[in-house]
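*Asks:* Given the structure of chain A, go ahead and fit chain B onto it with the hints provided.
Chain order of the listed sequences is A and B. Per my numbering: the first sequence = residues 1 to 250. Per my numbering: the second sequence = residues 1 to 382.
For the record, the hints were derived by calculation from the structure and aren't laboratory data. C-beta atoms are modelled at their ideal positions from N, C-alpha and C, and glycine is treated no differently.
Chain B regions said to be covered by chain A (calculated; three or more residues, Cβ under 8 Å):
(1) 197–206
(2) 209–223
Label pairs and their computed distance ranges (CB to CB):
(3) B/K292 / A/D112: 27 to 35 Å
(4) B/T302 / A/P114: 41 to 49 Å
(5) A/G36 / B/T305: 50 to 58 Å
(6) B/A24 / A/T61: 36 to 44 Å
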Amino acid sequence: MINVKNVTKKFIKTNKKKERQEFTAVDNLSFNVKEGEILGILGPNGAGKTTLLRMIAGIMTPNTGNITIDDLMYKKNETDIKKMIAYLSGNTKIYGTISPYELLKMCAEIYDVPASEIDTRIKKISQILNMDAFLYNRIEKLSTGQTQRVNIARCMVHNPKYYILDEATSGLDIITSQIILNFIKSEKEKGKTILYSTHYMEEAENICDMIIMVNKGKIITTGTPEQIKKETKTTNLRDAFFALVGDEHE
Amino acid sequence: MNNKTLLILKKELRELFRDKKSLAMMLIIPIFIPLIIIGMSALFQSQTEADVNTYNKIGFNYELTPAEIEILDTLEIDYTVASTEELENSFNNKELNSYITKENTNYIINYDEANIESSGAASMAQSYLESYKSVLEANYLTENNVDVNTFNNLLTYEQKSIEQQNFYSNYIVNYAFLFILMAITVSATYPATDATAGEKERGTLETLLTFPIKSKDIIVGKLLSVTLSSIITGLLSLILAIIAIIYIQNTFDIYNGANLLNTQIIISSIVIIIAFSIMISGLCIAIASMSKTFKEAQSALTPLTFIAFFPGMIAFMLNISNNWLLSIIPFINFSIIFTDITNGNLNILHLILMFASTIIIIVIVIYYIIKQYKSEKVLFTN
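Chain A with its partners taken away, still in its complex shape (with noise of 0.2 Å):
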């Protein structure tokens, strides 16, 4: 299970002026993800969503409170608890230079997969992801939607526990999106707990057990879509989300 505890995180900012300014990311968040669940994290540009993520996947430090991913903390068990997750955010490349293949290989390395099992693992996963046809090409002359699925791959290989998923279908075309949303719907038939964060209430309404709303680093409510929709007497998440904000998000 994952535990957020009065989760703070600030940065310094300099403005225009020079002045240098602090800025609350994420303001004394709280709250759990049960095991086997998709949580979605919703909330406009800036919410702080991808800080959110960050902290939860051990790339970044929380200024007050705290994080544990099955009771362990970052402070102690900084590699136990990365070895357990899979993060993969709008922003995360790969690279270029190497295959897939390779990229795979070392990803299984890194996460001690046993040297006798990395050869299955990525036959396996080439197939489910249909990656045969360019296994062994450079990542750098693959198409968007090729680059996201060895992304995808990397994210498998070591058969996480926690996917942590920011913006994942950012900017992406139809086919390549529904390619990851694909992907999470599997992952969570094989009991995965998964955090997604997302500005497309749709996409977080079709396949999300649990929703947080945030904005400016604050949650605003959260429940199932359900609970949400009706709480607010709305049809959508996305009428759900302006009616609970009114003009603050502006």
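*Replies:* Relative to the frame of chain A, chain B by itself:
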């Protein structure tokens, strides 16, 4: 070295050897070393072999005796006899390199100090006057019944050079070494930038940070790959420099009899190249990792290229003697120790101090970079 460091090293080397620009920086820069060595040698040779006909035209404002003409012919001086005014005009028109005017027994050599040919001609004129003076002295002594040989042998002296090393050979070997250090510096900047700021700019750093690898392993892996690339450049430069030095020794007369290379010089070069490569790679990574973009990192590293080369070159040009303080100053110490080795007066204490200071600097640099890779301010510039 643990398994994770090796995996990062493997990844970095794979990227390095597959990137055309990195390969070009690593392998093409050393090619310039033999070209510089051969070019400089040709320049030295041309300076020592200036054609006598370019500076032997000397004018005289008086009639020459047969004895004087004999001396002028022996010295290969192309002489002209004319009035002072005509000689002045010819000198100003560059038809004469120098001219001698005579008033009673006083001779004046007129020449242009700023002009190499004119200075050479003045030197020849001086030789002529010395020889002619000796003839006049001998005649005078004979006329006064004094034995010329006895008189000349009242005091005798000779010049004997105790300097073992040929000036040009010392110069070329030390410069070759300085150019090798420069080649290493230039070639280290590209992979260091690519492995840090480049990775940040391409967006792959975020991927790397999600892996279950400690910052220490990432840094050591990156440092080793850049160091290895620098060592390859350094050793390739050294091999090409050795080939070039063997070539110039057999081709240019200025190196006749000089011992340009020996085993001690080659072994010490290899040791210094390795120490220098580790240090320069660490510094390049430390500076480049602070930058947001590849371009910014390249600009930040430009001063390092000069700092790594010029202090050593200046120390060599000024013939600065080594001491314990200079032995611990980075960049100067490498070139001064090498000069000591080529001159055959290496002090072991200075060598130990050089290594000790290099190791301390490397440890500080690694510690600093590891701290950088934990700083969100540096890693997430957006």
